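Those sequence lines, one after another, are chains A and B. Take the first sequence: its position 106, counted from the start at 1, is 106 in this note's numbering, and no numbers get skipped. Take the second sequence: its position 79, counted from the start at 1, is 1079 in this note's numbering, and no numbers get skipped.
A partial selection of chain B residues facing chain A, derived with a Cβ cut-off under 7 Å:
| no. | residue |
| --- | --- |
| 1 | 1055 |
| 2 | 1058 |
| 3 | 1062 |
| 4 | 1063 |
| 5 | 1066 |
| 6 | 1071 |
| 7 | 1075 |
| 8 | 1098 |
| 9 | 1102 |
| 10 | 1104 |
| 11 | 1106 |
| 12 | 1107 |
| 13 | 1111 |
| 14 | 1112 |
| 15 | 1115 |
| 16 | 1119 |
Keep in mind the hints are simulated off the structure, nothing from the lab. Here the structure is a predicted model, which means the values were calculated and not measured. Cβ atoms here follow ideal geometry from the backbone N, Cα and C, with glycine treated the same way.
Residue-level listing of the chains:
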Amino acid sequence: MRCLLDKVTARHIMEGMLAVVEERIVTSAEFSALDLYQRAPHQDTQLFILPHTETLLRRLEHLPRYNVLIRRFLAATTVARPTRYFKRWARRLREYGFTKEDADILALATFGTTPAISALGMHVVATFDQPMMNQWEAQQAAISRRLGYMQRNLPAPYRHALLPQVQRPEDILGS
Amino acid sequence: MAESIFALPVSLEQIAALIRRMSPEDRRALVKLAPELREAAMQTKRTIEDARESVAQLRRELLQELGGQPLGPDAPFLEGMTLGQYLDLPDAERAKLWDKWSDVDLHELEELEIKPDAVSAR
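Only chain B is shown next, with the shape it has when bound in the complex (with noise of 0.2 Å):
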């Protein structure tokens, strides 16, 4: 968690919740008023390439964890398809599919009662 912003009696966090409540158009007039946030969010903007390294780095991780060996076409998958009969489907197919084995109404689950010291997102 940040500390509080000198002079300001107020947190990095609390300002974050004030601008998430606050309506586009507020938020558009507070970039206007201070540009620096709109700067700030271009420095950060994170590079092809170095997402690119993160993806391949996971892919020699997983081969490790296969002992080097992918898991094939042919490999069973769900329902009597092979991995690469899944995997060849167009992507709204896997979607339908994924929304069929994944099916959970969470309304018919138990609603837990939280502690009171619970962390919110704040």
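Next comes chain A alone, as it looks inside the complex (with noise of 0.2 Å):
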């Protein structure tokens, strides 16, 4: 399975790992978050993270102390790349209420590869968005029709992509 981190919980999974080594509280979401990282990888689960998520990182990487967190994080996720069709499906996905940045997760889920390009879209979304997930959930049939609509002049594999999850972190995994 292949489970995209959108960008909040991505930093609750560095913030948990910066809280667990400092001894402080780890939050709720922080603590739903590392757990889904620590067994995304015993349960056939790749994770995957947003472009921003690997700025971000990138920018602490010339602090060394934090290169440890940094390094077993990147070791543990991918980059998600947008592939064709990825705008146009963003663009889509704004008629159905959703913000630019939440349409464009979406979208990326949907027509997001790794870098050796050999797959096509997420399973599943993680978030703590509770709005993002209620708005998809309302709308899914209507978009699931859109996207088959636009499908149809796609060449494969475009014209398989589906639709991912969206779910909470502590959702996702089962035992």
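Two chains, two frames, a set of hints: combine them into the complex.
Right, dumping it as structure tokens:
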């Protein structure tokens, strides 16, 4: 399974790591995000991050003490990249009431790929954004139809791209 | 990948893809028709204790890699802040800074052309 961590989920993982090594209180969101991060490799789940997250981590790289955390985080994740039709689908999604940032993340989860460009789309987006989850759920049938219309004229493999699930980190993996 | 279900010419992944295309009303109707789905979901709920142990294990590993020494609240962070100052900020303030430090417009990135045999998320 391919799982895209939205920006906030990735932040909670990084801040959770910092909190545990500093012996600070780990918030419930950090706790859920860390648990997903820890368990993913044992459940055949590949974690992806947004290019935004990679940009921030690179800014911290010059501080040697953080390298342990950054190396570890980057080794456990892959940066998702937009494929052809990403922009077109992101524009369509905005018509369903999503913010630009939310539409971009959701579009990347359908028209996104790995650096090896060998896979298309994510199975799930991990997020704490409840309004986005509600909107995704409420508009699911209409969005699915819209994707189907758009895909009629797309070549393979783009015509086979699917919509992701959008879930909270604690709901993504089984026991 | 799971194998095809006996006597059905479809795989679990195909059934899952179908469910993902269903409306919320149809999904609720499906759970009523097959309450076993709800029971199975409840049985796989992870306990808080499991999660605590997982996070404790991460802490042990990170501290080991840091030579047993935490970073410390005075460790430099970004924009002249120390780590302690950053972590003491309310979540909303940290979110704003994270946004500022990680500003990328995905629409400015090149759209990659992927291989025709790329594996889609089924």
